[in-house]
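Novice: These protein sequence lines are chains A and B, in that order. So in my numbering, spot 333 of the first sequence is number 333, and the numbers just go up one at a time. So in my numbering, spot 569 of the second sequence is number 569, and the numbers just go up one at a time.
Simulated from the structure, these hints should not be mistaken for lab results. Every value quoted in this text rests on a predicted model; they were computed, and no experiment measured them. One should not assume that every hint holds.
[What the hints assert, rightly or not] Heads up, simulated EDC-like pairs for lysine to aspartate or glutamate below, C-alpha to C-alpha not over 20 angstroms straight-line:
| hint | chain 1 | residue 1 | chain 2 | residue 2 |
| --- | --- | --- | --- | --- |
| 1 | A | K469 | B | D827 |
| 2 | B | K782 | B | D834 |
| 3 | B | K782 | A | D485 |
| 4 | A | K219 | A | E168 |
| 5 | A | K24 | B | E551 |
| 6 | A | K24 | B | D64 |
| 7 | B | K822 | B | D798 |
| 8 | B | K586 | A | E22 |
| 9 | B | K762 | A | E162 |
| 10 | B | K38 | B | E353 |
| 11 | B | K586 | A | E20 |
| 12 | B | K566 | B | E53 |
| 13 | B | K997 | B | D331 |
| 14 | B | K762 | A | E163 |
| 15 | B | K568 | B | E604 |
| 16 | A | K24 | B | E516 |
| 17 | B | K782 | A | E162 |
| 18 | B | K822 | B | E805 |
| 19 | A | K469 | B | D833 |
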Amino acid sequence: MKKYLLIIILSSAFGCTTLEEEPKGLLTPSSFYENQTDLDAGVTAIYRPYMDFFLNAQGSIPTLGGDDVTTRLGSNKEDYREFDRFQTTAGNGWLLQHGWGHLYRTVFFANAVISNYTKTPEGTAREQAAAQAFFLRGWAYFQLVRTWGPVPLVISDVTTGEEPRSPESEVYEQVITDLEFAISNLPPNWTGEPGRPSAWAAKLMLAKVYLTTAGWPLKNTANYAKAAELAKDVIDNSGHSLMPTFRDLWLVENDNNIESVLAVQADNGGDWGLSNRMPLSVGAPDDDSGNGWDDYFAEIAFFNEFPEGPRKDDTFKTSFAEGTLTWEQTIQGNPYYSKLTGYSLPQNWQNSLNPYVLRFADALLMYAEAQNKADGGPNAAAYEALNEVRRRAAGVNDNSVDVSGLSSDEFHNTVIAEAGWEFAGEWHRWYNLVRNEMVAEATAKRITDDRELPLVGVSVGDPESAFQKFYYAPIPLNEMLLRPDWQQNPCCN
Amino acid sequence: MKKQFTQLLSCLTFFVLASSLMGFQQVNAQQSVSGIVKDEAGVSIPGANIFIEGTTKGSVTDFDGNFTISALPTDVLIISFIGYVTQKVTVGNQTSIKITLAEDAAQLSEVVVVGYGTQKRSDITGAISSLSSKDFAEQPIAIASDALQGRSPGVQVSNSSGAPGSVAVVRIRGANSITNNSNPLYVIDGVLGASFTALNPADIQSIEILKDASASGLYGARGSNGVVLVTTKRGKTDTPIVEFNSLLTTQYLPNSIGKLSAAQHAEVVNTVNGTTEFSQTEIDAFRTNGGTDWEKEIYREGFDALLQNHNLSVSGKSGKIDYYISGNKVDNLGILENSNYQREAVRANINFEVSEKLKMGFNINYSDELSKNIGNTSSLFNPTAAAILYSPTVPAYGDDGRPTHTGRFSGIGTSPTAIAFGLNNNLFTDNTTFNFNLNWDFAKNLSYVFIGAKRVQHASNRTFKDDLADLTAPAASVGENEFQQYQHTHIVEYKNTFNTDHRLSFKGVFEETWIENFSSRATGNGLTNLDRSYFNLALADTYTISSGETESGIRSFLARAEYAFKDKYLLTSTVRQDQSSKFQNKFQNATFPSIALGWRISEEPFLSDSKVINNFKLRASWGETGNEGVNAYSSFPTLVTGIGSIVDGSTIIFGVGPGGFTNDDLKWETTAQLDIGFDIAFFNNRFTASFDYYKKNTTDVLLTVTPPTYLGGITELINAGEIENKGFEFMLEGTIIDNEDFKWDALFNFSTNEATAISLGKDDFIFPAGGNFSGSNGIGTKIEVGQEMGNIQGYVSDGVWGSDEVTEAAVFGAAPGDSKYKDINGDNAITSDDITTIGNGAPEFIWGLNNTFAYKNLTLNIFVQSMVGHDILNINRALTNGVNGDSSRTSIDQLNAWTANNQNTSVPALTSTYQQQPEDSRYIEDGTFIRFKNISLAYDLPKSILESTFIDSVKLSLSAQNLFTITDYKGYDPEVSAGGNSNVFLGYDTGVYPNPKSVTFGLNVKF
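The shape of chain B in the complex, shown without the other chains (with noise of 0.2 angstroms):
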């Protein structure tokens, strides 16, 4: 790939040379004036246009609000923003003109970062949320996907785990893909697929989250689903700002999982096996003693899971130079044992005026991350699954002072304490991002953007399990990856208005990004010295290496033009065109257009004098998007080595087999997606409301099948099928109560997703790979045509067979007290036919309200999320409730089991021998929950106090997070999933780390 790049470096050189040649004739046609229009803060105001009265001529300033236009000394120019008072100029003598130009306090003036550049909040004609710092600035957050949630419609944000450090999975507008990458891109400061947890989220200035096929489209082919484009913060003040913020969180285990007690426990176990395999004075002891509470040995709770996060900024802006300079800190205990998660993140944004028209801006941000056992979600052998299903009759220590090992009655080999303490899974993180930009105005209406970036991430995974982990093979492992990411974007816009009507801007964008990876991995298996850790692999008996590289590329072209008519008819058009190394030559191309239309209905005469409606826009949007969410060399026919056998009695010697079918015709999954919306403000600006309804059709989905096993247990990719999405958004923001000392600020936000799949390519129905969780019979999830995305599969409980049911219990072999099932298919017996959908794991609905009270220097913050309609299989109960046949039957539901005196239950009777299945409908419990996500209290100093002090202000604050959440789900929290960042295995439970609840205190102060 080397060679190619040198090829397209002489390509690049051509084609800045060309732009700038033709820069440089524009400029010696044209006599010009510059000048930078601020607000009366001193801000920059890019977008405002300016105009030669009397004449067509015209402007618009950049992103720094600068300008450059031809005009003679007579000439009197108009300068114009929304939301701002217009001004009059003579330009006279001046060749740099500074404007100032004061608020216009009747109209909304936003300028929004769209991607390659930004647009005036009244022109934009796609599907965008914004999002502010301020939006979030009362809720601690210490991963940024959390500033995410339920704040915007159409962005679903699930904490699928709450381990210490663990991004949370962000949906925008459902999953398109069925079983591949459905993250959103991420594009901080124009650097696309930046980390996003190495985001310190004190740096974010604002969020904008690109939804319809108009406004992502510009990402083409990384933009299917959704994109989120980060914009940090840069140095505004004359004066230089310090700021420090400091967060001290006490953290704590959400509930409490009802387990029966030692003594029930062992008398649950005599009557299931009809033998006394605990002693009545053992049941005695247990009695007295408790037997072992595994939650209490595993989590902790207050300040010894103590999650800290300290921020220090200093920005300013001295002559042609504005920063911003940051440090982060964070450590997170976690509140499980042995788990943690630590940040320390630097930040440098500097900008340099070079000249009036050639900007420079440097951004350096490196942060260092180590997260500790935060993994493991779908596994049994994890502690939080492990203490719900261990037997409380096994104690947590040996002996010798040790955690046990194994315990009978308890269905796994490993106790929770020997998972929490025996297994150590360090990943070491630290990633620089360099990005580079220079904003040129070559010409008249011309400017050319360009950014350079490099992102390097090494990342280090040493694990350790020790022989309590590992009875037989305790091991020890170093994965080192190196990670490199190259980009750098060319951006040609042109911007002018004729006739004063007509608006109209293109741009022309040349954009390359590519990935290089090595990755390497030692593991030491039968470690022969525990104490050495990992810190000496040779101490073992045998060792296992590998090692691998991947290279991938995009290369892009991007067309687009917004068109203005009279600010009242709006039009968006683009075209990219992408090129993937990851798809063989007949499939690399893949163009992506979209349009959008904007009719602002307020700026026509009928509605222009409203006093009640400000704003009014309709919006309409199509466009196509695309997913290369495969891995590199994922069409390329391979072959599996290492496979390691004997056959002389003692040399390990390395065979190749066949890695699973090839496909050479993978190409991109493609998003079309219609969405037609209206904004609205109201009352002075005071409330406004947007709405937008979707609808998106994935084709060529790509999908991981699993084949039958007997083709070889391997799994396939391939683009098949088409998956709908459709749904509603509706957000509603505004100001309920503003007098002098109250003001209460509110913000709603409401959305539906439904995804159904409309086709599958040859197959009705698919299993898509990686449904077998542990615990479960491996049904997993079934797609299938027609039907919605989500189901979950199982056998339809009908309680159980009662005494007076003898002859039709005998029909299945059943008996009265055994489990009873649905016949689906008549045929008298249970089999897999009758497995159906038992359970969607899907939202039905999620929604957002955000409120903020402020009473003189107090600020009320209540955050409340919501996800409605969606159940969850609660694997663990199934587990404690007998599908293990005699082990971990922990569940207090034991209690209740049938017996002929108790036959109005569903707990099928302890002594029933009858098989009974996890995947049961009688474990799908409903997941919808309301959750008081934060609420926090924050107090302002004063001013008078601290006037005589260097103390510009200090806030301290109290908060809650986690506090309540209203739900009928019986696991520890609806919100996780064990399926992860999974889009189809969604609902399913099997001992996921919950999120904890959390009480934060809060300081921050400026100087």
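In isolation and in its complexed conformation, chain A is listed as follows (with noise of 0.2 angstroms):
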């Protein structure tokens, strides 16, 4: 009897196909990539993370240490805090979701292209496709390696998880490399698509990198002239060129100006995810209309030297609460960037103001520091780049506020104070400081009574030896957890 069963059960066994999985709804890797469409939608997916680091305020953190920024006590703040105070920690928990995430993930989606790009069918819009790929792959290394230092470098879509941190220069030498390829493959414009990254955008964007590589940590001097070379190009040959008032720039309807060089496409009609957040952020104290975040506001001596003018008038917000506050009357106590809120406050809370990845006054500056360096002094056209930036702060068309015949020091230190005010609250001074050691410098000015945060890991006064630990922000905890092969930068270790 249990023979005829088993037969049976055999027999209906043998008889029947095995269970396979037919997804219905979902797309497969192995055969996109195959068409332009698809290679144009891996494209798309690779902004995603990029808008993500720009449109939250938490992109700033570990640009808090600069003296143009401070945040508040209390509330949810204390990863802004850590940056600030000079009391940085592993377990910044903003630090790894908004900077190394969204900066990795950029990397992921890029290099999904990158690795696949060739499949597609050759041609100009492949090439440039994939360019724009190398661009943000590019942009994103940048940023780590600037911010954190040597970083673990993956450049394809196959990865070991066992990469070591490559040291800045390979980091950097990769980045060069992205940066050329964007060069040399994409237009000089995108047509009704300002968001792409253009040729220009890709120079100005190697301009950048090369003028970080001359000085600290690298100290490449050479690349000062490299720099130069090409905010020069950028500056004849773009078509770009400085808005005339300061405050048009910060006018949603002026988003994609002539200035802007590249934008992020911040939209408030879609995506809340996509829509600048930065009023929220940054845009009011408590006391003013009950809204604000208070992620991050100026430091009170900054906005003290802060030239007075127009730039100064519509860069910070001083009066709230409909006139009867003013900024020292206000809870925080600080001045906030109205600037980067597009006033729309109190209306618009969140709002479509494209903020600037590359801006023409960037191209002006970054020449006139990299030009003064490579040749030993400042000649005509940086003088003119930094005199033109200096009349619009001014307001002025005539040369009542320009500088001449300084010395080399003296005109480094007056691009570089420029460019903190032109620049003030845009995640730039920090960087500045850095590759300049001028760190302690900065903070010597800072107020040390109870108007401002008291600072913790170093003291004000204290020589640019003291801050060296914090230039590089800490690796974030997840990461040492998992690779405790890794060795954790100075300020953590």
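Assemble the dimeric complex from its two separately framed chains, guided by the hints.
Specialist: Structure representation (structure tokens):
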């Protein structure tokens, strides 16, 4: 009897095929990237983490050590405070999520395109698609290496999880290779799609990379000339120029203006995650309208030193609660960055203002800095570049605010200070200070009474050497736990 | 997949046809007598033996007590069943014989549902715990999982959330898996993977819990987490019984977390910042008005948090039809404002006796559930956590009468009232199960059972987040999910007895289950009209949409043999082969063998006459079971779609990116389990006890790992390593006092489990995905080779630096009053290298004690349940003691902060700016608890009063649940866990909905 049963069971098993999965709604990678439409979709994905990085104030966290920004007591701002007070810790959650996380996700999506784009039939469209991926990966690694120093270098869609932290020189080499590919293959402009990087944007980005490698830590001073050359090319040939007034730069209706070399395309009508939330994050204190998040605002000493003029008026918000409170009278007691809000408060707490990645003023000041350093003194073009920025800041058309006859060092310091004001609150200042080893000098002016957060890891007046350990942000704890073979950065070792 | 099932259908037809043909031949060859065996109460006895005297011919009754045997009119049938007096009947000219067996008081008699059939308790060789509806009759239960808690050794049931309608986490002999599903398989009336929440506890007749590999091996690839078999009620009596049962429960917050008063908090904030954040006038005002008691704002109690549970059932038997029909209504308001759970359920179990050889049954169960705001455990964005963290200086309502949105010095952006009232997450679920079964004794000693089932579940998740919960982006969404599950099972069983001493049964099973799932979701972001909630998603700035489907199937073959020699030596052996669509071809098939031996020592001559020991059985089993608990398409490489970005300033375009690592080598987890145990009964079966030792080794553990974030922020599902679970279980049950008027029954169970990582593939340790609870640093749980599972990681606190330790503290950049951590690696710095194990979230042992005292018409039930030796990281205590800087320092511990004059404390100085850690051993607390789960007093109205009425019986009861909990834990509830159903994130409390205290009035009437 058992025999019969066995036969029946076996025969029914024999007669039937195996169960095979046939996902109806899922795309599979093996057949993807084989045509231009797929490839373009792959490129579109890379923009998301890049946009996420710029549309959240948290992207600024590693730059809080700069003297242009500080944050508040209490609330959920500990991750900002750590950097502002030079007391950084590896456990900083937002640093992992909004810095390291978004940047490496950009790399991850870019690698998928870079490793597979050759499956798509050849043509300009394909090369331009790949070039965007190279640009975005280059940008991400540049952001990573200047924030964390040696970082793992993943450049294809095959990974081991065993990658070491590559030295800065190797990471920069990759950044330069990526951006050079981008320069060769990107078009001079994208009609109707200004959010994509042009060849000019790639050139200006590379100029910034060269300028950075010329300073701390690589100090490859030969790169000043390369930076100057690229920046000059952008100044002379890109067709970009300064907006006539500083205020015009920050109006939503002027998004993608002539000064904008590359800007993240925020839009408030759609996905909330793609709107610009800076008004909420940095726009106003609690006691103005009760809505502000106070992520960061201006340091008082920096504000006091900021030269008067239309640029200052349009950079800061100094009067609150319908004019009933001065900035000193608010709970936080600091001025706020009104320019970053597009002056949209209190109506719009998020808006469509496009945050700048690169703007023409950047080309001017980079050129001024690089040319002076490369040639041991400023030439006329460098003076003109610097003075162009100064004139607009002061709202004058004549040479009444021009500088001239400076020594190379004086000129350098003037440019760095000018860049600090021009790009105040735009996450530039910290990196400028670090590569020029000027953090102590800038911090020395910080107010030490209870109007500002007291410093913890350093003291006002400490020499530059005391700040060096904070040049690099801590490698996030999550990574250190998974990679105990890595050496943590000096801040947190 | 459709095409294959058509093919399958043809295979099946062949299978069924072949079986019937064989049966047909058998019937032709034999002349048969059929009969039914019942007890004195008229209840059928399955598994009774029928022999022809003087021969080796015999038969066994089926589940419904029916038997068929070929016999001559002169033959004498001997009918025996353990626990009953053996009877002899001469066949004569009867072709249908009714036999009533008298109970033999001296013997235990029980038929146990073992999966794909039944077995006599005395024949069982596996480790099976049984519960009958009587065991939990005195406890008001709205969710069926609560019936399992504390009642069986080796079964750990934790109410990881106290939210109304939430299902407890059930672990049978620990968790085998690391990051994948470790829930037991629920089988309701033969239907695999049935919904346990949809089940009305009042419909349960019995529950069997299959624990060892011999028992759960029947379920092969789905058996490794243990199996819970539920049998629902059926009609038994000729006179219909109408039963009405109603429970009214008032619920209360179990305790209150001690917080600073508003004035105290304002002073603490001032000291912390060294500034006048709050003026003396403000502080004086707080002292007068007291500030905000956030617990009062978000919790409700008593009749405002009423739980109602009503049941009505009719059961009976009429000729060849028996029926059980019930209706159930649960309405639980919950102690948290704006949370609730409702269920309406109906069931009809109907069985027909088509002929003596052919029986059919039909069960339908329909339920409709609504859960509101019961999720959200691991995030601080929930009212429970927010009420702990929020400053009492913040008013609960603004001048406009709406809940305050945000407040100063509170740590999180949104206030408890804004979250509680602003967030509306409704889950509507309806679930219908059709179960058709057929039982055909198609030949002598041979029977065929068919189970065909379909379960349809429709879930609709409708959410609305208004401008209170989210100032900037009020949103609403509707998610629909259609789930269909099919099953057909064919069981052919052969049973016979040879030479009276050899009893043999052989079973072959063919079974297929498959699941089709379709989901869609639409979300409206930036709602333009908040009054319309989720009822008109078009009233939004933008929309996002998605849809998806999965299909998966398992095909199984099972062979099982049971053999008993002289009812003394028992052998059970099972082989099951499963094929799952979730794995790629080469890993699709898996075979799971098991074997078990039993020796009834009490049947040996030297014990058989014992007056003390009535039953003594030794059991040993070994076997393998599997876990395919991964999602469909897990081994399939996929891409992520719908990644939105903008390049033109306003148009969202959607991109496609890699979804993560693909792993087409994914395969089953396999658990090999050894079990050794014994069952014993003594003093006339007044006391019974059982003991089991088990050791389970799970290999190819399915593991979701988090690679470093620099690889793209993805997770990976792999098979890696080996987990060992071992422990022992003990159960003692008995009647301690048995007088005419007073009776005391008690049941005690105790069990241990220790889970260790034996290997982790190529790694020495892993950090499983998902451990980043908000408020924590995200260090999570580390699983390390050779270490216990559930190890909580963090820094070891060494108190606070004292005034006499200025130099020592300076080494670490600290000063007196700063938090002092152990420098584990001695490098004079506190870094991630100093993170170590600071606790373990798994209990060392669990126990339960159920006492029933009966005095005349009064019954007192005291049920105690306990978990011992687990640690809890009280994240809220960390967050309210300075981990957030100057935010949410609301803990009363802040009053005991270090000062030069108060150095004997573990609370750092208020002015300390030294970085504190949430994963800090000072916030590890002992979670041990002993809980009086249920205390109930029931009174049966004397029969004399009811005699003249149509009412049969009336029972009134008053009970209290969770009345006392003995524990040192400082949070709300040591039973809850932010990790919820997770196997590894044990012992994290981020502010989870606490289990309420409650008082219940119950009424039970039978007509």
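Novice: Against each hint, give a clear statement of whether it holds in the structure.
Specialist: Results for each hint:
no.	hint	result
1	A:K469 - B:D827	17 angstroms, holds
2	B:K782 - B:D834	14 angstroms, holds
3	B:K782 - A:D485	17 angstroms, holds
4	A:K219 - A:E168	11 angstroms, holds
5	A:K24 - B:E551	9 angstroms, holds
6	A:K24 - B:D64	45 angstroms, violated
7	B:K822 - B:D798	6 angstroms, holds
8	B:K586 - A:E22	16 angstroms, holds
9	B:K762 - A:E162	12 angstroms, holds
10	B:K38 - B:E353	15 angstroms, holds
11	B:K586 - A:E20	11 angstroms, holds
12	B:K566 - B:E53	17 angstroms, holds
13	B:K997 - B:D331	17 angstroms, holds
14	B:K762 - A:E163	16 angstroms, holds
15	B:K568 - B:E604	8 angstroms, holds
16	A:K24 - B:E516	12 angstroms, holds
17	B:K782 - A:E162	19 angstroms, holds
18	B:K822 - B:E805	14 angstroms, holds
19	A:K469 - B:D833	19 angstroms, holds
In the structure shown, a violation is registered for the earlier hint numbered 6 alone.
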